[in-house]
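> These protein sequence lines map, in sequence, to chains G and A. So for the first sequence, the working numbering puts the first residue at 1; every next one is plus one. So for the second sequence, the working numbering puts the first residue at 1; every next one is plus one.
Bear in mind the hints are in silico, worked out from the structure with no lab data behind them. Among the hints, a few may not be true.
Said to hold, decoys possible - Which stretches of chain A does chain G cover? Using the computed rule of at least three CB atoms under 8 Å from a CB of chain G, they are:
hint, segment
1, 31-42
2, 83-97
Claimed, not checked - The following residues of chain G were derived to be distant from chain A, with all beta-carbon distances above 10 Å:
hint, residue
3, Ser-117
4, Val-133
5, Leu-186
6, Ala-191
Glycine included, each C-beta is placed from N, C-alpha and C at the ideal position.
Each chain, letter by letter, is given below.
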Amino acid sequence: MITGRSEQNHRHNLRAFIILVAVVIVGGLILWSQGDLINPLEGTLMLIDTSSGRGAIAEETENSPVGAAASAPERAAVAEPVSEPTADHAVVTTGTMTLEALTAELATAGVDVEAVSATMKAQGRSLESLLSVVNSGRVTVAELATRLKVESAGDSQAPAAEDSSELQDIQWDEFGSVVYNLWFILAVTAAIIVIARPAGWLVKQIKRRSRHPVVKPHT
Amino acid sequence: MREHVITHKKLNKTRLNVYLDLLLMGVFLVDMEVQFSGLALHEALGLLFGIAFALHVVLHWDWVVSITRIFFKLLLHESRVNYVLNVLLFIDTISLTVSGILISRTLGLHFTLGQDVQELLHSLHLVGAELVLILVAIHVAMHWKWIRANTRYLFGWTVQISRKRRARQQF
């Protein structure tokens, strides 16, 4: 009966692992097609550089070992300097765009940058966060300008920043980032399960050899 | 009857753990993306995450105490690795929560900090957040078997079905 239960457990574990791997693969493909497969380290470096006022992001991303191994092709373009042409997807990555360039392009696209900046300040945000989103490649300047124009059209109904923890503040367009984080956790889980087997075997071998050293026969 | 009561008590704690861990995971995933939630919701969820995390530690306090006692004695490597990871995760989460509170803009707590200190705390908060994502991912991986075994408690009816099936098999 004990053998039967352990076999059943083994089958359940295997089934769960297969489901996990399938979810990771399918989820990864969907996120990649949406352009949401972002290297977390590059994103963090960009946010830090933006918040500390430095514009030279290209050096960090180019030197980053993770940048070279980016899992999505369009994310690799983030490591390249400006004026990289678009690939298959609509996301244009300009990894070194400065705040001045962004505000100039938004103004050209018809966005009232001062009003947007004031609104964002009231909501506890700043234009730097928009810059980091554009530089990470999640959205193009054109898409951002369209979104800002739509938001400013309904600006009179926007609640005050300190009062607002409402659902209307949620940017559902960014939901892909939330899904990416879940995908990342599941992918790491699958990777560790795969690595743990040989690692566990290796540890057992080492323990066995240390417990049962070779004994010389008596002469 | 007594067996049934004991079983029921055991299930309740496990179920509580499952629901709390689900809440923690959901809040964590949303909280990681300020662009998605907006700053106000991000800060509110951050506080909620801190409280839920503290509760999570309290619920597993027995494990913490028992492993700490025997850490340098007879202990499986896996348990040691698990312990070290959990300590790192604990430290990182605390630093995230504290730095988040210090740089908060919508919670109504107005700390007068210098620009340099604010920037440093902000960078710390960002780096800590990415590190927490990696540590949480490893933490989930280390407890994958528990998650797989107890996912069924999400849906109470599956427990009832398996109980009925077992009862039928006995007869």
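> Hint by hint, note whether the structure agrees.
Status of the hints after comparison with the structure:
1. Evaluation of the coverage hint for the segment 31-42 of chain A: fulfilled, as 10 residues show C-beta separations to chain G shorter than 8 Å, against a requirement of three.
2. Under a criterion of three residues with beta carbons nearer than 8 Å to beta carbons of chain G, the stated coverage of the segment 83-97 of chain A fails, only 0 such residues being counted.
3. Chain A leaves G/Ser-117 outside its interface by the beta-carbon criterion, the shortest separation being 15 Å against a cut-off of 10 Å.
4. Taking the minimum C-beta to C-beta distance to chain A, about 6 Å, the non-interface status of G/Val-133 is violated against the 10 Å cut.
5. A beta-carbon of chain A comes within 10 Å of the beta-carbon of G/Leu-186; the shortest separation is about 8 Å.
6. At the 10 Å boundary, the C-beta of G/Ala-191 falls inside the reach of chain A, the nearest C-beta of that chain being 8 Å off.
Violation of the numbered hints given earlier is confined to hints 2, 4, 5 and 6; the remaining hints are satisfied by the structure.
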